[in-house]
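Participant: Residue numbers (my numbering), protein chains in the order written: chain S, 1 to 297; chain F, 1 to 360; chain Z, 1 to 270.
Check the hints yourself; a few may be wrong.
Reference excerpt, derived from the structure (chain Z facing chain F, CB under 8 Å, subset only) [to be verified]:
no., residue
1, 157
2, 159
3, 163
4, 168
Covered stretches of chain Z (in silico footprint by chain S; criterion: 3 or more residues with CB under 8 Å from a CB of chain S, positions within the stretch not fixed) [what the hints assert, rightly or not]:
no., stretch
5, 21–33
6, 121–128
7, 197–204
8, 216–228
9, 251–263
I should point out that these hints are in silico values taken from the structure, not numbers from a laboratory. Keep in mind the model is a prediction, meaning the values are calculated, not measured. Don't be surprised by glycine CBs; every beta carbon is placed ideally from N, CA and C.
So you can see what is in the structure, the chains are spelled out below.
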Amino acid sequence: MEQRTPIQTEKEKGDRAGYLFVLPYIIFFLVFTAYPLIFSFILVFHRWNIVGPMQWIGLGNFATLLHDPLFWKSLWNTARFLIIHIPLQIAVALVLAEILNQHIRFRGFFRAAFFLPVVISGVVVTILWQQLYSTDTGLINLSLSKLGLSRVPWLTSTTLAMPSIAIMATWKNVGFYVVLFLAGLQSVPRNLYEVAELDGASKIQQFLKITIPVINPVVVLVVILSTINGFSLFIEPYVMTSGGPLNSTLSTFLYIYKEAFSFYKMGYAASMGFVLAAVILSVVLVQRKIVETDTYT
Amino acid sequence: MAHVLLKNVYKIFDNQVVAAKDVTLEVKDREFMVWVGPSGCGKSTILRLIAGLESLSRGEIYIDNVLINHIPPKDRDIAMVFQNYALYPHMTVYQNLAFALKLRKRSKTEIDRRVREAADILGIGDLLHRKPKALSGGERQRVAVGRAIVRQPKVFLFDEPLSNLDAKLRVQMRAEISKLHSRLEATMIYVTHDQVEAMTMGERIAVIQDGIVQQIEIPLNLYNSPANLFVAGFIGSPPMNVFQGSIENNTFVGKDIRVSMPQTFQGKLERTTEVVLGIRPEDIHDISAEPRLSERSIVRATAEVIELMGNEIFLYLRKGDTPFMTRVSPQTQISMGETIDVIFDLSKLHLFDRETGNRI
Amino acid sequence: MFKRTLFYLALMVGAFTFIYPFLWMAAATLKPEYEIPQLSFFGSRITAESYRLVLEKIPVVRAFFNSLIVSASVTASVLVFSSMVGYALSRLKFKGREIIFTVILFTMMIPFQITLIPMYVLIVKLGWTDTYLALIVPYMINAFGIILFRQFFKAIPQDVIDAARIDGCSELRILFQIVWPLSVPALVTVGIIVFMMTWNEVLWPLIVIKKTEIMTMPQMVALFAVGGQAENLIGVRLAAAMMLTIPVLVVYIFFQRHFIQSMATTGLKG
Ligand SMILES: Nc1ncnc2c1ncn2[C@@H]1O[C@H](COP(=O)(O)OP(=O)(O)OP(=O)(O)O)[C@@H](O)[C@H]1O
Ligand SMILES: [Mg+2]
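For reference, chain S alone in the conformation it holds in the complex (with noise of 0.2 Å):
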């Protein structure tokens, strides 16, 4: 037998490239996303106002949770906005994006048109609307009032406020999912079509048999994105409403917002926190049972 050099395993050079590349995500990632994780367990079962010294008060946090009403109204509300928000713009995500998916003229122009507020900050979206909706000074009452109609209170009732920051929401982001549903519409393969019309299945009846199937994915897609986005409701009932009136508009993240900044509650808040992601976990899950279909898996 000849001698042999020992067996190299792939630990050469591209080796080192390997680890000095990803690196920089590994310190990363240990300062930034592990660090907070764990600190943030280790923060549910303390009181700590950040400045005094951590105090174990062990689930007390998560007993105030339970008896605090207003972090259940605050869940309320969010969840009041989501169910506006999602089938709103759900629906008027599918009408735009069907219209769009026609022949027609200038599609760039109305594509883009639609997509406008979704690039624009949500604070010059939220400083706008709160013009619009102004109860005296309003351009939409202004409007009503012209026509004879009677004004409405959009941000004054504690009825109307968290479904006018829905349709808000839904002006806002419907262009996003309009691109979304374009995209799962193109994709819808022509010939079924040609066979349905064959079949004398009605327009009606072939966007309901033939395009909500194929575009299933797209719908759940969107139902989720808009979940996760609805439940970090921040910016708009800050700006708009301050959660007002009457905590109408409190959304649950503002509420930790406040409890951990304004009131420096930062136990509570994170055990806030902890509920709200262990509650979009969960609405995510059931959303997938319910909308998700597996005609076309």
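Fit chains F and Z with the ligands to the given chain S structure using the hints.
Facilitator: Relative to chain S, chains F and Z with the ligands alone:
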């Protein structure tokens, strides 16, 4: 100037594929060596080991007696030409050629001189300011070769550089690369799966299968005395006829075919041995052509398929259950279903051990 | 024909709904304050009074440059570091590569509601509050960027990278001189999305920046609208909002196709 030595080289991929198995091979200074083998046999991998693009699992590689196992590709003084050209799409031809020299901090004038020299050799002087996208396949291939020659490396590595070109261009480029070799007097290793390329270009040929070097020889020897059944079957087109059988009393006995053994084998194979008999199609002759052969064996067979090639006829014959083929002169008069007597040229017989496949 | 007309009419109404409010806002900022709550689009005269007041009350130009510095730094950093990681994950072999990839996928699923408060604590501990560092460093690498680059880089022919290695490139040079020029679409996509996200981010600056000089533009405008500084003047708030709109609008008008495509392909909203 350059001499490449591989010593017991192994390459085992993470997925346990063994792409090189105990490869020991020497490429002489200024030699043009061709590696040939079927797709997936490990040719590219071994070439990439020399280039330093893959790390060895075991073994040693030397260039000019310097162990290069741990030297990065750029310091090995090699250049490689790839099957898909691998030109930098965002650079002009000039920039493509100059890139390596720039990285080596050569002076502007030197770079310019060498780029133009290479472009002249390859006839791509007019293309220097085009981007690869604006070039034809053949032109791209020239640029890829040009990128190698501006470097003036010790060793050129070619990995199937012509397989994306059409047949006519391939023949032309084949000749040009051979010319380039004599002009540059550099050591070149040329990988192909095309045995015609191998036979026409190689000074020596290494036949590779399953990561193992089967035989290294000059083309003629490779053809005339293949070391084993694989080489016998791989080199030559149409391939060699092979018959399973055994040797009994100096006669090959197959299922349907009996052939007596020539003088050279007599005495060596007295006891009964299981063998494979091989004979190339051109060594089986039509009896009516009256070939003058000192040792011959006549076989009567039926013509099954007749392919007229113009300058010759490919005749597919059958005797009993045993098919074989022969190349005969276009004058041969035969039609399908007829029987014909053919003569086996016994001096051109190849015998292989049935178990190992090795030449006897 | 009639149907067709109706169709375009519907489209026009749709487009109008999304564009008109911005036009109205632009017009309103140029009207005298008392004319804003009137239905007419144009005022009796054009005045820059609202803008003058904004500039007088808040250092919005400074905030613009803060936003620019922060967004540009974050974008540049994400492009460099995320593409480095993406390159390593797709083109370099090393032990633990797949583990790192899995970790990255995992980090994308962590809701920021969990990490936000500990992150703030971290910034406080590092003493980075009221500094650019607080706005830039936590965003310097981006998991989505890594994944997108990894995906894109996988499609680059191995031969080109090998050729570069033989020609004498280091891995860094390969990434920036060979791979980058071949990945312009991916760079544009990541660049646009990250720039937009950073530019429009308002929650994080509200948390870590209290000093006016370091505030980003959306933050400053938001605080201006919320706080008492606007003194209930509509024109002033709208003018501030308009100033926040214009930079993005200009970029959007030129690159709208890229914006839309980037976000559609990644499923990410800026
Ligand atoms: N990076 C890799 N990881 C795992 N297996 C590999 C890798 N590269 C090549 N292989 C395997 O190694 C074997 C040899 O591949 P190689 O590319 O060297 O063949 P080849 O002789 O060049 O074939 P071809 O003529 O098709 O180019 C093949 O079975 C291939 O699947
Ligand atoms: Mg190959």
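Participant: The structure should be examined with respect to each hint, and the outcome stated for every one.
Facilitator: Results of checking the hints against the structure:
1. At a threshold of 8 Å, the smallest CB-CB gap from residue 157(Z) to chain F is about 6 Å, leaving the interface hint in force.
2. Evaluation of the residue 159(Z) hint against chain F yields a held restraint, the C-beta minimum of about 4 Å falling below 8 Å.
3. Using the Cβ-Cβ criterion of 8 Å, the hint placing residue 163(Z) at the interface with chain F is satisfied: the shortest such distance is roughly 4 Å.
4. The restraint placing residue 168(Z) at the interface with chain F holds, with a minimum CB-CB distance near 4 Å, inside the 8 Å limit.
5. By the rule of at least three residues with a Cβ nearer than 8 Å to a Cβ of chain S, the coverage given for the stretch 21–33 of chain Z holds, with 5 such residues.
6. Figure legend: the stretch 121–128 of chain Z, annotated as covered by chain S; annotation consistent (3 residues with Cβ-Cβ distances under 8 Å, at least 3 required).
7. Here the stretch 197–204 of chain Z counts 4 residues with a CB under 8 Å from a CB of chain S, which clears the bar of 3, and the coverage holds.
8. With 5 residues having a beta carbon nearer than 8 Å to a beta carbon of chain S, the stretch 216–228 of chain Z meets the requirement of three or more and the stated coverage holds.
9. Counting residues of the stretch 251–263 of chain Z whose beta carbon lies closer than 8 Å to any beta carbon of chain S gives 6, which meets the minimum of three for the stated coverage.
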